[in-house]
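2 protein chains.
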Amino acid sequence: MSHERYRPIELSFEGGVVVPADSTPLSVRFAHESAGERLVPGFWDGGRTYRVRFAPEEAGTWTWRSESAEDDSLAGAEGRFEVVGGEQRGPVRVASRFHFAHADGTPFRPVGTTAYNWLHQDEPLYSQTVDAIADAGFNKLRFMVFPQAGGYIEHTPELFPFERTGGRWDVTRPVIPFFRRLDAAVEALGRRGVQADVLIFNAYDRGHFGLDELTEDEDDVYLRYLVARLSAFPHVWWSLCNEFDQLKRPRQRWDGVGRRLAEIDPHGHLRSIHNWIELYDYNQSWVTHASIQNGSATTGFGRANLYRDVYGKPVVLDEIKYEGDIPDRWGGLTARQLVHQFWVATVAGCYASHGESFVTESGSLHMVEGGRLRGESPARLRFLRAILEDLVVPGLDPIDKWDDPWYVAGVSRRQYVQYLGASAPPAWEFRLPIGFPGERPEIGDVFEVDVIDTWNMTVTRVGRRFTLTEVLRNDAYDRDSAPLELPQDEAVALRITRVGA
Amino acid sequence: MSHERYRPIELSFEGGVVVPADSTPLSVRFAHESAGERLVPGFWDGGRTYRVRFAPEEAGTWTWRSESAEDDSLAGAEGRFEVVGGEQRGPVRVASRFHFAHADGTPFRPVGTTAYNWLHQDEPLYSQTVDAIADAGFNKLRFMVFPQAGGYIEHTPELFPFERTGGRWDVTRPVIPFFRRLDAAVEALGRRGVQADVLIFNAYDRGHFGLDELTEDEDDVYLRYLVARLSAFPHVWWSLCNEFDQLKRPRQRWDGVGRRLAEIDPHGHLRSIHNWIELYDYNQSWVTHASIQNGSATTGFGRANLYRDVYGKPVVLDEIKYEGDIPDRWGGLTARQLVHQFWVATVAGCYASHGESFVTESGSLHMVEGGRLRGESPARLRFLRAILEDLVVPGLDPIDKWDDPWYVAGVSRRQYVQYLGASAPPAWEFRLPIGFPGERPEIGDVFEVDVIDTWNMTVTRVGRRFTLTEVLRNDAYDRDSAPLELPQDEAVALRITRVGA
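Listed in order, the protein sequences are those of chains A and B.
In terms of UniProt numbering, the first sequence opens at residue 1 and continues consecutively.
In terms of UniProt numbering, the second sequence opens at residue 1 and continues consecutively.
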């Protein structure tokens, strides 16, 4: 049998008992001919059925052998398979310190959206959401495993994750149809090219369903089960919680869950946690990237980039408020404002996420239940994503990070993006900042410039090239060329690409 | 014998050998009648003389007993003394999470300055510096123990901290006159009410003196000696290094020194480290406050406050560039710009430090060698300090931290400061932001307003009071009062103090 690299392989086993004492009672040791071993946890999938899912990253011959300390009938099975290269890109990981790339090296530029309670909705809303998000061009979706209660949500889902025993959730008894639904949801996103940003715990239960009352040991049982089921899907991202600090828990509890997740996930997916009013310590080594709520970090230049300095990791501004029309301050951005903030985040060397808070037919919001998108920002964000995917550099980094009054980002002497804000001046003189460290531009360097209208979604190649005539300590100029005329008062960005020595 | 609380007590001992193998071969265990024990390291002070310095914080009866594993003649001495209250305020510590107060509870509002190489200058420059700084009203001075080399400094000091043996610095042989000079320097600052912000290691040696080539073990010997000598001075702050990342050292080495410092300092002084282009991880538990270089964090509103969120500790912007006239970007701020940035830092709930980079007669800069101050900012910073010391609240915290377009800081329903920027509008309508958490203002609350001209250094009490007539979810207004006329285009702040229900 032969498998494509990065695709999940599923092995099935029959155990000796109908309901096991432990929902993850087996593991399989996969060994590659030269790349070493991976110990992959398996999970109970109902009745006597157990499964192990593994997505190999190395081509070549793999052998495997099952292990179980609890059930002899699960131990000692073995096999072999061949893995070949293919068109899969593999999981998204951190690349170039502040950016992302698939395991095969292809850059990934997150332009994601949010539908917290999507998993728990009925059809046709559930499927419509996937279509709407994928059709709009979003490539990441933030959603919660546990159902949301309160705050624009009066929905009691059909399925819950665990059986109830003695008035409590019994985390050792996962509800198989619930988790099969979760599998299918993750698969559905994958088929449409959308990364599944899985919010593992839920700060919005407020005692309604009682899923916020698990003990630390129960958290761990659930975490192991969730990781065993989902980790082999290449497009999974982990987020411990949305607005973690809404829950009254000691910070150390989150630290422990995060470290545990890093330890047990055999596929090493991206890991973060998202804040309400108190920031998490994203400097901790288990955190791969900062997932931050703070809209104001993108309402002005020179802010979001400070988070990059602090964490030295990719920064995803996963809640910068929402396009919508509700009176809450977090839900009343115009599309123009939201798109503007995305571009501010972009030239800060960060990423941002979308969400929509128009009230839906059911009285809920898209960012809660999903459904069709109503706003004007998604088309512009798809355009932004295309601009990002066309970059010839691994990512945009502030060039002269604490001193450039124009906040130009890019990679020095290769490609630059300058966002002129929501209302462009009538003209622009060719100028590049010079930062440290980075390659210094030189007199005679030749550049092409594209004028990007971020709202009207046009890219216009300027019909002349620019050549540096003056290189100072901190900036470089083409003094011989006339200033570039711009579409005044539009939200304009410039893409400046070196095309010659 | 009876001592005043917080004042250093010095015990002297005579050892058995002239030059000890270890520069800190003894310690003294001080025991309070009810507050427990303090183990205080002692130090060699030349010949057979050893000293132990301790500043007790608890009034009452203390007993002590000396210990030494290396020299019997230093062990087993004992004594007793009484400590009484007095007028001393004690060491500055973190208070109200983001601010500072002396051990006795008196708030401390740092408005400091910088003269890195001051300690190593000859008279009269050395004494002039202390006078100039104290007369100008600065209450903290950042200076280095090790001499600076290169970059506006061509000075070889008379004294070095260690003897040289076999072509290397021998850290076990401290040069006593050097450290007595350091004692005297710290004492001189204390007499003038200036906190001594001691930069322990030095990133500017660049191999010139070779004091940047100590091993980790040598660092530790020096650190223990320095702490034993200086810790009992109540006004000491520790900073591991200025621009630590100029030195090519693994980050873990600094982490270790910081943890060690926290462990061995018997008086628990403030501890930080200062960056060049890479921020340190100030979330680490050994760090008491963030000491950050980033001028751009104070050139716009809504930036420096992000550091507070990240670290949950006091933030001191210890290098926001300097008032001066040199061509380097870090040394060419106008006084107006520097004072403006201090006020931006203030309403961000942070603190900042001053420095002056006019070229001196010797070709150096005040921020390097000290001397008289030439700039126009010190008088305005003394005025700022007086405003801060007049506050009736423990400190200024952003009231509605990510949403207030006016960046008002203070303590809700007690006192507020709003800085209107470098160029005030002609009038201001009475408005307060409402944040979360914090006490909500109520209709009928009465406020007095002072108009603070931050450059012309005037405080003008507005001759009428304001009463809240409307309290919305996120702001409160006095709709019945006419707008307040302001000194248009001046750099104006408002102090708003509740005076009635």
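These are computed hints drawn from the structure, not numbers from a lab.
Do not rely on the hints blindly, as some may be mistaken.
[As the list claims (entries may be wrong)] Computed Cβ-Cβ distance ranges for the label pairs, DEER-style:
hint, chain 1, residue 1, chain 2, residue 2, range
1, A, D325, B, G463, 39 to 47 Å
2, B, R479, A, E361, 16 to 24 Å
3, A, Q252, B, R473, 31 to 39 Å
Computed from a predicted structure; not experimentally measured.
For glycine and all other residues, C-beta sits at the position ideal for the given N, C-alpha and C.
Against the structure, the hints:
1. A:D325 x B:G463: 39 to 47 Å: holds (44 Å)
2. B:R479 x A:E361: 16 to 24 Å: violated (39 Å)
3. A:Q252 x B:R473: 31 to 39 Å: Roughly 34 Å apart at Cβ, these two residues keep to the hinted range, so it holds.
Violated hint: 2 only; the structure is consistent with all others.
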